[in-house]
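Participant: Sequence:
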Amino acid sequence: MHFLFEATVMLGVAVLAVPLFARFGLGSILGYLCAGLILGPSISGFIADPESVLHVSEIGVVMLLFVIGLELEPSRLWRLRGRLFGLGSLQLLLTGLLLTPLGFMLGLGQAASILLGLTLALSSTAFALQLLTEHQHLASPHGQSAFAILLFQDLAVIPLLAVIPILAGNGGAEDANLWLTIARTTAIVVATLLVGRFVFPRVLRVVARSEVHEVFTAAALFMVLGTAWVMEQAGLSMALGAFLAGVLLADTPYRHELEANIEPFKGILLGLFFLSVGMSVDLVLVLHNLLTVIGITLAILVVKILVLCVVGVIARLPRQNIPRLAAVIAQGGEFDFVLLTTAVAAGVFEQRIASLCIAAVTISMACTPFLYTLGTRLGNRLKPTTGWDNQFPDDEPPVIIAGLGRFGQMVARVLKMQNVRFTALDPNIRQVEFIRQFGSRIYYADATRLELLRSAGIDRARMLIICVDDEQASLTIARLVRENYPDLSIHARARNRHHAWRLQELGVEVVVRETFAASLELSQEVLVGLGYPSASASQAVRTFRDFDVRLFEESYQYRNDNAQLLESDRAAIEEFYKLFQSEERDHHHRDAPGRRGHDDDAPDQS
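Taking my numbering, the leading residue of the sequence shown gets 77, the next gets one more, and so forth.
I should point out that these hints are in silico values taken from the structure, not numbers from a laboratory. As the structure is a computational prediction, the values presented were derived from the model and not from experiment. One should not assume that every hint holds.
[What the hints assert, rightly or not] Restraint ranges, calculated between C-beta atoms of paired labels, are given here: (1) ARG497 / GLY158: 45 to 51 Å; (2) GLY158 / VAL588: 43 to 49 Å; (3) SER599 / ALA98: 56 to 62 Å; (4) VAL496 / LEU366: 17 to 23 Å; (5) ASP125 / PHE180: 30 to 36 Å; (6) PHE180 / LEU366: 18 to 24 Å; (7) ARG392 / HIS574: 55 to 61 Å; (8) PRO609 / LYS492: 54 to 60 Å; (9) GLU629 / VAL490: 24 to 30 Å.
Beta carbons are placed, not taken as given, at the ideal position from N, Cα and C, and that holds for glycine.
With the hints as extra help, turn the sequences into a complete structure.
Facilitator: Below is the structure:
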């Protein structure tokens with residue numbers, strides 16, 4: 077009951093603080109931090125042990141890395157290798173070197189000072205990616221560079237953790253089993269990669285065919301948490317393990333379904349992580365050592381900003397993107413807490429030094445939203461952004477097709493022939509598996525769920541094409557998209573005119589009745605088969621089409637009144653017969669001078 081009460085209060089404070097901060101343009105992260113500060117030991121003392129909350133909330137970072145991994149297909153990750161190892165290693169080594177003097181100033185030895193400098197060179201993956209996602213900058217040049225640097229930092233945590241026992245004087249025992257440890261770790265990683273690549277997709281296929289949604293959610297959570305746990309047992313980063321699992325599943329048809337199922341858990345747990353970071357701020361320690369903490373904080377921010385500006389220039393980023401890159405990853409990282417705590421337990425650092433650094437890292441995190449706002453404004457002044465912000469990134473097609481049955485496949489083929497890239501969503505796993513064999517970009521997903529549409533990139537799309545068979549499902553999709561994305565162009569397939577009217581009511585711009593064109597085409601062939609000249613058959617069908625389109629538009633106002641609708645249709649049909657008779661008389665009159673009687677090639681239409 078005590079835990080339930082604490083959880084209720086934390087959620088309540090977050091619900092109040094986060095929207096308030098977001099409304100004033102301060103961002104959700106700062107809202108979580110302030111809410112955590114209020115709940116923590118420094119102010120109210122409601123949460124006496126922030127470490128226990130932080131331990132649970134780290135799962136949010138794990139899920140964040142899994143979702144990011146889902147966005148990176150292995151081929152795309154391979155394309156990032158230059159930024160990953162080039163920019164990442166340059167930033168880490170140069171920043172670590174410049175921050176090493178902090179250790180000397182705090183009374184540490186040479187090796188410990190280097191370790192401290194490299195530790196403080198790490199940035200917060202959670203903070204940076206959350207900010208980039210909120211501003212829709214993850215696909216930008218500085219977003220991609222920041223992601224590559226952050227990923228390299230996550231990889232660098234592994235050797236940094238391995239160095240701590242050696243610095244503590246326990247290297248002898250470690251060296252004796254070094255090769256055994258390396259072999260065991262390598263075996264676990266390889267086994268995890270094989271399972272993620274070959275077993276997980278088959279498990280997901282079986283679960284998807286069961287059509288039990290909650291079991292698919294359970295399978296997604298099992299894969300994320302299971303992979304993270306296995307990697308932790310191997311002595312690696314849980315977040316790194318989850319990221320690799322995401323990458324391995326990124327090119328499967330379940331990508332968007334997995335992301336949509338994980339997203340709610342990721343959001344809540346990531347918010348809990350930011351809350352716990354705010355709780356861990358020791359205001360008493362900060363006030364008693366205010367100048368030292370401020371000095372460490374400024375050193376972290378200034379050194380990182382300078383180094384990242386150099387990195388941005390070397391990477392040949394556009395001028396406006398350099399201050400954005402420098403601002404978004406200038407803070408300390410969540411892995412600083414892990415490394416500093418481990419170093420204290422091993423006797424490498426004193427608790428006082430670790431506490432001061434943790435306070436400085438936390439304050440630098442709190443400064444990140446403000447810094448990124450300033451960096452963005454500075455970038456806008458350096459050069460107006462007219463490039464990628466108004467375009468679609470290469471990996472996000474501008475068209476989304478909801479439903480890839482027979483109707484949707486025809487649309488998709490035409491688009492493919494014209495080199496128009498699209499993402500297709502279909503809830504039939506057998507259909508998805510079959511079509512993916514031909515190289516189409518289709519995913520197992522139910523487009524009636526808004527989170528799945530967002531995962532597929534609806535917020536960056538130019539057009540949505542609704543081709544689903546189910547009438548109610550198409551109306552649900554149209555309603556969701558029109559309510560949340562009022563400016564998005566929507567084209568839809570309708571089963572009949574009543575369905576088409578309902579789609580128009582929801583604001584769908586273009587509605588095509590599925591059998592209308594095919595029926596007219598068949599009617600023309602029927603007339604030709606009965607002996608009509610081709611031109612006459614074509615004219616007759618064209619006249620009927622124009623009449624039916626006009627009748628469809630005029631009857632829209634009576635769509636909910638059956639009696640009035642019947643009366644309107646009856647009057648329109650009588651008008652149509654008169655129009656047809658008039659055209660037939662004109663036709664005979666035009667042909668009269670050149671013939672005696674009826675056209676032998678045409679049937680009697682009296």
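Participant: All the hints need checking, so say for each whether the structure fits it.
Facilitator: Right, here's what the structure says about each hint:
1. ARG497 / GLY158: 45 to 51 Å: 25 Å, violated
2. GLY158 / VAL588: 43 to 49 Å: The hinted range 43 to 49 Å holds for GLY158 and VAL588, with Cβ atoms some 46 Å apart.
3. SER599 / ALA98: 56 to 62 Å: Distance hint for SER599, ALA98 holds at roughly 57 Å.
4. VAL496 / LEU366: 17 to 23 Å: 59 Å, violated
5. ASP125 / PHE180: 30 to 36 Å: About 34 Å separates the Cβ atoms of ASP125 and PHE180, which means 30 to 36 Å holds.
6. PHE180 / LEU366: 18 to 24 Å: 21 Å, holds
7. ARG392 / HIS574: 55 to 61 Å: Since the Cβ atoms of ARG392 and HIS574 sit about 58 Å apart, the hinted range of 55 to 61 Å holds.
8. PRO609 / LYS492: 54 to 60 Å: 37 Å, violated
9. GLU629 / VAL490: 24 to 30 Å: 26 Å, holds
The structure is inconsistent with the numbered hints 1, 4 and 8, although it conforms to all the rest.
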